[in-house]
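Chains F and U are the protein sequences, given in the same order.
Residue numbering for the first sequence is 7 to 903, as defined by our numbering.
Residue numbering for the second sequence is 19 to 333, as defined by our numbering.
Don't read these hints as lab results, they were simulated from the structure.
Please read all numbers here as calculations on a predicted model, not as lab measurements.
Hints are supplied without guarantee of correctness; some may be wrong.
Unchecked claim - No more than 25 Å apart at the CA atoms, straight line, and that leaves these computed lysine to aspartate or glutamate pairs for DMTMM-like:
no., chain 1, residue 1, chain 2, residue 2
1, U, K75, F, D693
2, F, K589, F, D603
3, F, K20, U, D99
4, U, K75, F, E899
5, U, K282, F, E11
6, F, K857, U, D137
7, F, K19, U, D329
8, F, K857, U, E292
9, F, K726, U, D137
10, F, K559, F, D673
11, F, K696, U, E153
12, F, K703, U, D99
13, F, K826, U, E153
14, U, K282, F, E16
15, F, K793, U, D74
16, F, K703, U, E221
17, F, K664, U, D74
18, U, K313, F, D603
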Amino acid sequence: MNVNEEKMQEVLKKRGIEAAMSEAERSQIAPPPEGVNKLMDIYYVLKNTVDMEIPYWYNRVWWENDGDIINIRRAKAFAAALSHATPNILPYEKLVMQKTKNVRGAFPFPWVTASFFNAQAEALMTEVDAPAESEADRVSIVGAGGGNVTESYGNIISIAKKFGMRKEDIPVLVKASEPWDGCSVEELSTKLAEYTPEYNLHKNLMDNVVCMFDSYAIPQGREVINYYYPLQYGWDGIIKICEKGIHDTMGEAGTDGILGMSRGYYYLATKIMAEGMSKWCSNYAKKAEQLASFETDPEIKKNYEEIAGVMAHIAHKPPETFRQALQLTLACHLAVVNEDPQSGQSIGRLGQVLQPFYEKDIEDKVSTDEEVLDLLQYYRIKITEIECFASAGVTGGVLSGNTFNNLSLGGLTKDGLSAVTPLEYLIVEAGMRTKTTQPTLSVLYDEKLPEDFLMKCANCTKLGMGYPAWMNNQDGIGFMMMNYRSEGMTLEDARAWCLGGCLESAPGCFMPLTYNGKVTWIPGGAGPTSGTGVHFIGIPKVLELVLNNGFDKRTGKQVLPAHNKKLDSMQAITDQWQAYLRKIIEVVNKVNNLQMDVWRKHNMPVVQSMLKPDCLVKGQHLGNMGTRYNATINYESCGTVTFINSLAAIGKLVFDEKKYTLDQLTDAMWHNFGFETAYDTQVFSPDFRKATAEAPKYERIFADCINAPKYGNADWEADKYLKWYEDVMFPMTREYHSYYGKELYMCQISVSTHGPQGFITLATPDGRLAGTTYSDGSMSAAAGTDKNGIYAIFESATVYDHSTQQNSQMNLKLHPSAVKGIQGTRKLLDIVRAYMRKGGFHVQFNVVDSKTLRAAQKKPENYRDLMVRVAGFTQYWCEIGKPIQDEVIYRTEYETV
Amino acid sequence: MSTQELKGIIFDIQAFSVHDGPGCRTNVFFAGCPLRCKWCANPENFAGRPHLLYADKVCKWSSGCRACTKICPRGGLIFQDDQQPIINWDVCNKCTTFECRPVCAASALKVCGKEYTVDDVMKILRRDFNHWGSEGGVTFTGGEPLLHYDFLLEVLKRCAAMQIHTAIETSGYAPMERFLNILKYINFAFIDVKNMDDKKHIEGTGVSHKIILENIAALKKSGWDGRLILRQPTIGGFNDSEENAQKLIDFMKKNNLYEINLLKFHRLGQTKWEQMGMKYAYAKTGDVSLEQLQKLQNMYLDNDIVCYVGDSTPF
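Please construct the entire structure, taking both the sequences and the accompanying hints into account.
What follows is the structure, given as structure tokens:
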């Protein structure tokens, strides 16, 4: 209606109607700087590449120092790896450094897990000798997977169905893995785990995927990094702190007969590591200088010179500008994600951490908002480039290819006021201008936050990239106080919390940054991984095992000991489910504890242990509980709502109405309600059904199961089971202790495991068919079952107090027309606020219509930049697996006008 | 009749409605309508009582489902030669028991319309009140909410007591006294004026516009302090002429009305007409070009009448 727009405004004014600005006026988002576009174009065509440079140097120096104290040996090996990493700077880059010499690169950690490579050694070497495949194959692979190398082609060999490795690197991989045969974290802990009394049961659980993933697979992450020390002291300053530490503690146990002596080793290791960091930065300075020396384009030359200046400065001194500070945080971040296979290394509340630097630059007029915005967009690319190399299951199944480097916004300051800074507005704006999957943004929503900031965030959410997601700050603080009370957490420290990984509430603290003539208390992480416990347990599968006496019909294995109980009441079923779950947690927890204990003793973090308070003060690394808070290890579940709906169906049909016997119900389940299974049809979409000859027998019971009460409709008949479940899980998880000797607690995010764990689960009493995905997240309704609208889901979700658990997860899909215009932004914020007011912990939106998603599924090559929110993170549509794509499409779309 | 016994037939209560009044709202769709608009988007409401819908597109007959075979005691639903089930609408339109609905797992067989007590409705509104935000509220629409006069009046009184913002979307086709009584409790009203030519109005909707126009005029005279926006679903070949617009402008000026919302023709109702076994008029001719809509908008604006097109509204 642009033709009449002006006239319309005039008449509105004349009539005294408060007119909202038109969509056209509001949605003018400045394009990214030219350099960012160029770098994004490069990013889109690049493939995930495995590179052996870092493992080579790590290995070499590690074995050269055979026999050294492990903490020191670790530091020497990793410092050498970083100092030898070949710097790679692309023209137009303003921020530099990456994990490896490749832009989208990662590398294996054979010292953590080597069996995969050692087992494959022969096969890999054979592939090296195989002739290259045709070019035509190559093209088809590109379109389907974005940057993933799902199959070998040409001279590239696919590893873990995601990464490509050049053939000439394969012998290096094989050679580097060999010496770790039998002594990697994985193999050492497995040997010890065999001594646990029920190790066979553990093996059963893993083989049958009742539990997914070993802890060593990604031992770090799901935590918040802390940039304070480098920002305050620089590498030279940290080296000085370590030298003093060595002076004070080497050979000195104090009164601690177990760990007192470790302090000297820690400070020495940390000093070596800080020197390595400094060298790594210097190498980039030299590289930039060199590039500048022969660059003829004056603009690019100047760019290289600036980079050289920044890198040379931060190689030693604390930063003196915003750009230096941002570059330094990036260096820290990349070093940490390179010291262990990991995902979910969260950036934390960066806009609060860097505000003092930004503020001074603006005051001194050395920089403008536009220049800062440019840098923040370059920053987005750098973070998006971070890849994680783990096995195919972990990379595809858990991570869906995203490494969740979450950046949090908002929340409260140490003294309990809104923590929103001017820089955070720019971070949101940068996310609107440059649409990349990372860093994903999270708003720590608090009633105290300024309305214009919340509107800005809502405006960003509307654009359909899936960020920012919205988290309840008061729930987070409540959880902190509840969980870390025993470690003496104060309300002030509780306010420093934010998201580690996609949704893992992680403890933090405020540190006093002295800069620009004043002290600013900046928040950052203060605990080790807030994950890595028992993960992930498919609880609908556990129910299936209860109903089938511990036997897995899919695999033909007796997974859990037969209970031989008569399941003649709801109580009997839920009691047995609890008994099985307790057994699972007990068994899995012991094995995980061993995995993580071997990890912390043999592979303790050396960079992270430098950064996190209070390691540098205590003189202890992270494995020795150097951080301030250590009750961080969790139990992770998957399939909450599928489980809740299943209980509701059993409760109503078998015990309340007595319409069917339990045997009739389970008979229908084992026969997949008379439909062909997804295993046969290979279609995993939740609404695909193909009848078999048996179908007529099960048509009635199937309809009754489908029509039974479902979570998400404000129907107490279903919601009461959620309340029951949460009340049961709170104390149950706290019966078990982590390797830190602290109680576990519950984390309820599925990440992407609802795909694979749904795959191994037969039909469930709620009418879900065998092999299809579980419901997504913990609070989202099962696909297509929410019939009473968005407010009813909010009611259902908040029948319990969300601050009792680490998190909960609510994914919603909104049609773009529902949130059009400035009024639409207001309405989006209204929904967020409605849920937060009720105490909901998290809500995220996909603002996209299903038509677009279906079209993108057919022609991924035309939708290379389309992003969706999956389960706590944003990912490129074409880089996620088909079952999860189907699940997203099938989610109920609100307001389809 | 005591208020406890009052019943209203409602065919849907929709949360997070964002185009029918200010802010986020809950729409209450009443069943039944005295008009028979040929383009109606909710024809399932004509009846004013619960009745069957059959969504052939989600029916799983092609993947072998026969769950509804022989379930109907009146033979309303038959499978023949492995084809899609055939609904005998003569039988099914009279149905009150709906034995077939619970056996359908695909939600292809649905019952539209359910009896609510005032308490039932208030329970939902009180719940949703938590979620609307500061500007939102409830919008009564349909069907025709005025058909449920006693019930609606009681609901509105209860809303007023709870200070819930109320809106209505109505044809305005009701006895004047009832119309004015209801509107007393309404903060925000949309009233449809479908055609200024009465002959055409009767042709398109089955009723005369006389009562509607009189009601609007009376409402304005009554000193009502709510906000009134006229609505016109703009249907190609029916009311998209400049002549019609000019007459409506004259009417609005005379009654000191200055806001109108032209709604674009859409085919959302089409499948529903088919699900009920009826034919949909205007399927081919209903579209109005953007140019024509802008031309009409321009006419209103020239007369200092605010004219919103589609969902581009400032609320």
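Hint-by-hint comparison with the structure:
1. K75/U / D693/F: holds, 13 Å
2. K589/F / D603/F: holds, 21 Å
3. K20/F / D99/U: Violated. K20/F to D99/U sits at ~67 Å, over the 25 Å cutoff.
4. K75/U / E899/F: holds, 18 Å
5. K282/U / E11/F: It holds: about 18 Å lies between the C-alpha atoms, which stays within 25 Å.
6. K857/F / D137/U: violated, 39 Å
7. K19/F / D329/U: At roughly 19 Å apart (the allowed maximum being 25 Å), D329/U and K19/F satisfy the hint.
8. K857/F / E292/U: holds, 23 Å
9. K726/F / D137/U: holds, 22 Å
10. K559/F / D673/F: Distance ~12 Å between K559/F and D673/F Cα, so the pair holds.
11. K696/F / E153/U: With Cα atoms ~47 Å apart, K696/F and E153/U exceed 25 Å; violated.
12. K703/F / D99/U: Holds, at roughly 20 Å.
13. K826/F / E153/U: holds, 17 Å
14. K282/U / E16/F: holds, 23 Å
15. K793/F / D74/U: holds, 19 Å
16. K703/F / E221/U: The hint is violated at about 51 Å.
17. K664/F / D74/U: violated, 32 Å
18. K313/U / D603/F: Status violated; Cα separation ~75 Å.
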